[in-house]
Every structure is written in C-alpha cells, then in structure tokens.
Amino acid sequence: MGITGHEEEADFEHKMHEIELEMMSDEGRGLNRSSSHSSKSADPEKVSLRNSQNDEIEEEECYTIVEAKKESVFTKIYKVLAFNQAMKIILTIFVTEMGDRSQISAIGLAAQYPFWIVALAGSIGHILALALAILFGRAISDYSSEKCINIIGGIMFLIFSAYSIVIYYILEEDSELL
1 MGITGHEEEA DFEHKMHEIE LEMMSDEGRG LNRSSSHSSK SADPEKVSLR
51 NSQNDEIEEE ECYTIVEAKK ESVFTKIYKV LAFNQAMKII LTIFVTEMGD
101 RSQISAIGLA AQYPFWIVAL AGSIGHILAL ALAILFGRAI SDYSSEKCIN
151 IIGGIMFLIF SAYSIVIYYI LEEDSELL
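All letters in the sequence shown, in the order written, are residues 1 to 178 by the numbering used here.
Honestly, the hints are just simulated from the structure, not real lab data.
In this text, a Cβ means the ideal position worked out from N, Cα and C, and glycines have one as well.
Take these hints with a grain of salt, some might be off.
Label pairs and their computed distance ranges (CB to CB) [said to hold, decoys possible]:
| hint | residue 1 | residue 2 | range |
| --- | --- | --- | --- |
| 1 | 114 | 85 | 29 to 39 angstroms |
| 2 | 128 | 99 | 35 to 45 angstroms |
| 3 | 139 | 111 | 15 to 25 angstroms |
| 4 | 159 | 93 | 16 to 26 angstroms |
Input sequences plus hints: build the corresponding full structure.
The structure is reproduced here in structure tokens:
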C-alpha cells in the first residue's frame, strides 16, 4: 500500500521538526555543525558568526525543501487534473462517434480497401473535422453560453438525421426504378 499525500506531508513535517530541534540543541551547546571542534576551543565571535551563517544556510535549505515539496504537490495535482480532463474528452468523443455515420462508412470502406489505408485516411479526416469543430467552438464561445451551444448541436443533429432519412428513402426509390 502506497503512502498517501497526507502521510507524506506529515512525515515531511515531522522530519522538519526534528531538524529544528537538532538545530536548537546545537545552538544551546554552542556547537558548530560544520566543524567537529567545540566552541571552547575557538574564538566566541567566530563561533557565533559561523552558527548564524549555518542557521541562515539551513533555513534557506529548509525553505528550498518546503518550496520543492509544494511544487511537487501542485505538479501532481495538475497532472491528475490534466489527465482527467483528457480522459473526459477522449471518452466523450469515443462514445459519440461509436454508431455514428462515419463509423458505418468506415465499415463499408474497410470492406473495399486495406485496413491501414482506411485507418490512416479516416484518422486524418477525423482530425481535420475535429480541428474545424474546435475552431468553430472557440469562435462562438465568446458570444454564447454552453447551454446555447448544446441546443444548437442538438438541433443540428436532428437536421442531419432528417437529411439522412430523406436521402435513404430517395435513394431507395431511385434504386427501385433501375
């Protein structure tokens, strides 16, 4: 079982608290962390200068560690959100395209042409159609709401459905004449 974000954060805070306690105990004993000599063998002014410099360096290091930790948490959250948004778009397009006329036409084309030609040409066609739809959606998004766009999309779907039914019956009647 992996470590959760809260456990990782608590562990990090615990380690930071231990570092702070260690720094405070070293200050109380007059020890310099970068040197193994005690403060009694060195000049007191130099020791206090060394301690204050080390504390500043350690505080900067702690600050850097905290900032890096915050960045990594935000980066993880962003990656999860971006992945979720991408999956939502992928699933929406996949579900709406299955059973669509373009899928039925791809079945017919696959019966006549090699798989890779149909797959590549169909993919290029879908990419171009999606690019136009995205550009059109961006252009009208400034002027209308999402609800209005959904209503217009539904009306267009009904129009294309009616058109398909009319074409089917007209073509069927023409084929009987032949």
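Do the hints match the structure? See the list:
1. As the Cβ distance of residue 114 to residue 85 is approximately 35 angstroms, the hint placing it in 29 to 39 angstroms holds.
2. The beta-carbon spacing between residue 128 and residue 99, approximately 21 angstroms, falls outside the hinted interval of 35 to 45 angstroms.
3. Evaluation of the 15 to 25 angstroms hint for residue 139 and residue 111 yields a failure: the beta carbon distance comes to about 38 angstroms.
4. In this structure the hint that residue 159 and residue 93 lie 16 to 26 angstroms apart at CB holds, the actual value being about 21 angstroms.
Of the hints listed earlier, those the structure fails to meet are numbers 2 and 3, in rising order.
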